[in-house]
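S.K.: Chain residues, written in single-letter form:
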Amino acid sequence: MLTPVTLADYLPIAVMLVLAAGFVAVTLVASRLVRPDNPTPEKLAPYESGILPEHEPSQRFPVKFYLVAMLFVIFDVEIIFYFAYAVIWTDLGWYGVAAMLLFTFFVAETLAYVWKRGALDWNVHQRRRYIDREAA
Amino acid sequence: MVAPGWYMALAAALFLVGALGLLIRRNALVMFMCIELMLNAVNLTLVAAGRALNDINGQVAVFFILVVAAAEVVVGLAIIVSIFRLRSTASVDELSEMKG
Amino acid sequence: MNFEVDYLALAPELVVVGTILLVLALDLVLPRPRKYWTATVAVAGTALALLPLAAMAIEGTTRSMFDGSFVVDQFALVLKGLFLIAGYVVFLMSHHYIESDRYYQGEYYLLLLASILGSLVMSSARDLIVLFVGIELTTGPLYMLAGWRKGDVKSNEASMKYFILGVLSTAILLYGMSLLFGLTGEVTFAGIAEATAGRAGEPLLTMAVLFMIVGFGFKVSAVPFHFWAPDTYEGAPTPVTAYLSVNSKAAGFVAMLLVLYLAVPDLSQVWAPALWVLAALSMTLGNLSAIRQNNIVRLLAYSSIAQAGFMMVPFAAAAVAGADLEEAFSATVIYMVIYAVMNLGAFAAVIAGARTTQSGEIPAWAGLGRADPRIGVLVLIFFFSLAGIPPLAGWFAKFVMFRSVIIAGGTATVVLAIIAALNAVVSYYYYARVVKTVWMDPATTDLQVQEPAGSLRLALGVAVVLTVLIGLYPAATTFVTEASKVLATGG
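Chains as they are written, first to last, in this note's numbering: chain B, 4 to 139; chain A, 47 to 146; chain Y, 447 to 937.
Watch out, some of these pointers could steer you wrong.
[What the hints assert, rightly or not] Derived DEER-like restraints, expressed as beta-carbon distance ranges:
{"#": "1", "chain 1": "Y", "residue 1": "Ala-867", "chain 2": "B", "residue 2": "Ala-72", "range": "47 to 57 Å"}
{"#": "2", "chain 1": "Y", "residue 1": "Asp-452", "chain 2": "B", "residue 2": "Leu-104", "range": "18 to 28 Å"}
{"#": "3", "chain 1": "Y", "residue 1": "Ala-867", "chain 2": "B", "residue 2": "Ala-87", "range": "50 to 60 Å"}
{"#": "4", "chain 1": "B", "residue 1": "Ala-23", "chain 2": "A", "residue 2": "Val-76", "range": "22 to 32 Å"}
{"#": "5", "chain 1": "A", "residue 1": "Leu-69", "chain 2": "B", "residue 2": "Val-76", "range": "20 to 30 Å"}
{"#": "6", "chain 1": "Y", "residue 1": "Pro-649", "chain 2": "B", "residue 2": "Lys-46", "range": "46 to 56 Å"}
{"#": "7", "chain 1": "A", "residue 1": "Leu-69", "chain 2": "B", "residue 2": "Ile-91", "range": "35 to 45 Å"}
[To be verified] The following residues of chain B were derived to be distant from chain Y, with all beta-carbon distances above 10 Å:
{"#": "8", "residue": "Leu-22"}
{"#": "9", "residue": "Gly-25"}
{"#": "10", "residue": "Phe-26"}
{"#": "11", "residue": "Arg-35"}
{"#": "12", "residue": "Asn-41"}
{"#": "13", "residue": "Asp-124"}
Note that these hints are calculated values from the structure, not bench results. Built from N, CA and C at the ideal position, the CB exists for glycine as well.
Given the sequences, and given the hints that come with them, work out the whole structure.
M.R.: Encoded structure:
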């Protein structure tokens, strides 16, 4: 059971939020009052000299990491269904065990699929070889 | 005890932030994060409502939403990877082959 | 607690699940030249799933499971039959198309089967959680299928647009559902209907219902939530487009009708005007945009947006007029079934025709009728049926729609009927234009006739027989009406 919490308990946090916001506001206003204000088109440009950027620079995109992240997310979240089972496993008996084994089998089959497709190979060149071999 | 209304308000704010972000940002990855924010606002609403009503169904719904959301993120990332291989950009503005 | 599971009631879903696992295993084991077995297994599994449906239809009892969350009644059986048969036809259409592409085959069938499984679950859903899981399982695989041609920028764009708007709609829909749960404390439709009775006018309930309508509006691509549809339809592989415009749209419709009709019937003063506006806008904007299209798949995309508007008309009209929803419900369902048949046919004819013309642009289709009269006649049948010209099936769909509107009565209803009638006339123009190009215009290039593959011929045959049969003998759809009434009366 949670200990009852009242909104009053959050008062220190609220005070801190107000102080933080106040500090930012004071700093911004003070620096605006003190500094000279003389904008020119050159000064407002992102770079004062050189070519204007037209679109975002293309970034290096490491596909490997994304692949691992995707697989991790999906297999990680599947486990959530074991939690529900863990809570009432005594009530479910062998029926529950069978059901969870079936569920595990489904997950395992997809894992086997991912493995065989080569998605778990860290070295992408190996994976490409695998696909070429299959295509041949 | 914090009244459930506050959780609902927080969830509504999260949902709004997610929706605005989705409309404003143009990077596909950031757009995914905004969608996740919206889905988590839904989860917060469900959990808060479920606890206030003492009804387990709210949490059951969250289970399924979490799993579906994870699956959808994976699909989305797969689509981004596929686009990156052709385009090397994640800006949705660059994607405008078809009009009309 | 009750863990009793009625395995016969779950049999269609279980067969599809088994097929999915088998296709996945086969895809792993088989060498590439023999991957076509995955297609055979997928088609056989879909057909096999129809057997328990037939058994339950003959027996005729309503089966309810999991405290009424999963119900198999006549209505669910009709819808499951529709989804399975439509899926079967799409498999037939895909077979040659996918094989001639250089991309993976096994996954294609796997994903389509998963989507069919989702729509089967959704037809039986009688609570918010099951409905949500069903509808997401229906659309999730389609995001990937829309981007199936990985090397093609258009296909990637189709998939991206569909994904972002699809997930956005899911989030909005879910937020509506979570509010509804918070306000009523119920997840089953029956419980929500009880809890919301007489609570019309509560601001938060109104908001919850509107959120859900927006979410469903995206799923069925109703105007003004239709922006993704034309681009996704054009970029996706054509069989996937056929599936999107039939199964996925029908699934969205069923979900919307189930929620509005079973869960929040007492809030009709909130959702009825919203549906009215959606119907009027979808018909008008869909038809007007379709006139300007030169790509045949884009034309069908806008046509399907307009048809979605027509589908909403009976339900919206009856709800606005405060009339009995029973008649309107069955009219909408009948329209949906007939639309599914003729639209699948139209897409099959487009796939077959495009093999000869080598183009999706309508002017390139000139002279097809003379070069290949059989495809020409099929294009004529399906497009005239979509326009609603007797004696083809589309005529009966429009007839049922207008009849239910007249039964409903009332000023707002008559206005909607006039909008629908004007739109029906506009739609003749662009459907007839395609037929005119195919038959009347002289060929611009020398057309090399390509015979459609055997499976595609079977798909065309099924669609054309059903289109002509329903048109000549509309009583063939009586069972749909009866089944809808089962749901309407709660039997």
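S.K.: So, for every hint listed, does it hold in this structure?
M.R.: Checked hints:
1. Under the hint 47 to 57 Å, the C-beta atoms of Y:Ala-867 and B:Ala-72, about 54 Å apart, fit the expected range.
2. In this structure the supplied range 18 to 28 Å holds for Y:Asp-452 paired with B:Leu-104, their Cβ-Cβ distance being about 22 Å.
3. Between Y:Ala-867 and B:Ala-87, the C-beta spacing of about 53 Å keeps the proposed range 50 to 60 Å intact.
4. Restraint check, B:Ala-23 to A:Val-76: a C-beta distance of roughly 25 Å satisfies the suggested window 22 to 32 Å.
5. Separation of A:Leu-69 from B:Val-76 is about 25 Å and conforms to the stated range, judged on CB atoms against 20 to 30 Å.
6. About 50 Å separates the C-beta atoms of Y:Pro-649 and B:Lys-46, a value consistent with the hinted range of 46 to 56 Å.
7. Checking the proposed 35 to 45 Å range against A:Leu-69 and B:Ile-91 shows it holds: the Cβ atoms sit about 43 Å from each other.
8. Separation of B:Leu-22 from chain Y is adequate, the least Cβ-Cβ distance of about 34 Å exceeding the 10 Å criterion.
9. Separation of B:Gly-25 from chain Y is adequate, the least Cβ-Cβ distance of about 34 Å exceeding the 10 Å criterion.
10. Non-interface status of B:Phe-26 relative to chain Y is upheld: no Cβ of that chain comes within 10 Å, the nearest being about 35 Å off.
11. For B:Arg-35, the requirement that its beta carbon stay farther than 10 Å from each beta carbon of chain Y is met, with the minimum near 39 Å.
12. Distance check for B:Asn-41 against chain Y: the nearest CB is about 43 Å away, which clears 10 Å, and the non-interface claim stands.
13. The non-interface label for B:Asp-124 is consistent with chain Y: the shortest C-beta to C-beta separation is roughly 16 Å, beyond 10 Å.
Of the hints listed earlier, there is not a single one the structure fails to meet.
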